[in-house]
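Each chain, letter by letter, is given below.
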Amino acid sequence: EDKVVQSPLSLVVHEGDTVTLNCSYEVTNFRSLLWYKQEKKAPTFLFMLTSSGIEKKSGRLSSILDKKELFSILNITATQTGDSAIYLCAVPIYNQGGKLIFGQGTELSVKP
Amino acid sequence: NAGVTQTPKFQVLKTGQSMTLQCAQDMNHEYMSWYRQDPGMGLRLIHYSVGAGITDQGEVPNGYNVSRSTTEDFPLRLLSAAPSQTSVYFCASSRQGKTGELFFGEGSRLTVL
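So the sequence lines, in the order shown, correspond to chains A and B.
Terminal number for the first sequence in my numbering: 1048, no gaps in between.
Terminal number for the second sequence in my numbering: 587, no gaps in between.
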């Protein structure tokens, strides 16, 4: 059975801290992994990762994929209160258009 | 720029009632899907569609029905609501070839009493 597991499920840090969020997966015919950020409403797309070892960066956020060990990490440096959100990891199921398996999400709270 | 529009945003039902959650997208995306989100469980796929006239079941399809008569619309029907269907529902769309990059509606919060 395909599955995606995230850890930790929740995390409380202070502004300026660096955090690492984890996502492991067991998915048949793996092709890519995605990260989403969910604030009050709908999730919004952050990164898509398809190749091992290639770091994707967007400002203070970065992510890397390890296809041998079947995991990805999302790093956030110099956290701000605006980073408080649920971070979701997801893997598309190959050849089943639009079907994604999501992890449980990590709820990040950044305190001033 | 409308994107993905869901209605209603909030709904309270009694057990046994039926209702339809509406979803429309104006981006000409081929793929559309419905997810439900419950605390600590991430997003779980209910039903999805790869094009007009084609639908398939996701992880948690029981108690829900869908149809896709046009590219733009993908309504989700609750046939006989149960308290276990209390959840936040998200409709999403994506382009063929970029299936992972979902565009989500703002969600519909459903409470079944």
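What the hints contain is simulated information worked out from the structure, not anything from laboratory work.
Hints are supplied without guarantee of correctness; some may be wrong.
Claimed, not checked - Listed next, the in silico BS3-like pairs over lysine-lysine satisfying Cα-Cα at most 30 Å (straight line):
#: 1; chain 1: A; residue 1: Lys1004; chain 2: A; residue 2: Lys977
#: 2; chain 1: B; residue 1: Lys572; chain 2: A; residue 2: Lys1003
#: 3; chain 1: A; residue 1: Lys1004; chain 2: A; residue 2: Lys1047
#: 4; chain 1: A; residue 1: Lys973; chain 2: B; residue 2: Lys572
Said to hold, decoys possible - Computed from the model, here is a short list of chain B residues facing chain A with C-beta under 7 Å:
#: 5; residue: Met515
#: 6; residue: Gly516
#: 7; residue: Glu580
Claimed, not checked - Output of the computed footprint for chain B on chain A, the stretches with three or more beta carbons under 8 Å from beta carbons of chain B:
#: 8; region: 973-985
#: 9; region: 990-996
All C-beta atoms in this analysis are idealised placements derived from N, C-alpha and C, irrespective of residue type, glycine included.
**Request:** Output the numbers, in ascending order, of every earlier hint that fails for this structure.
**Result:** 1, 3 and 9
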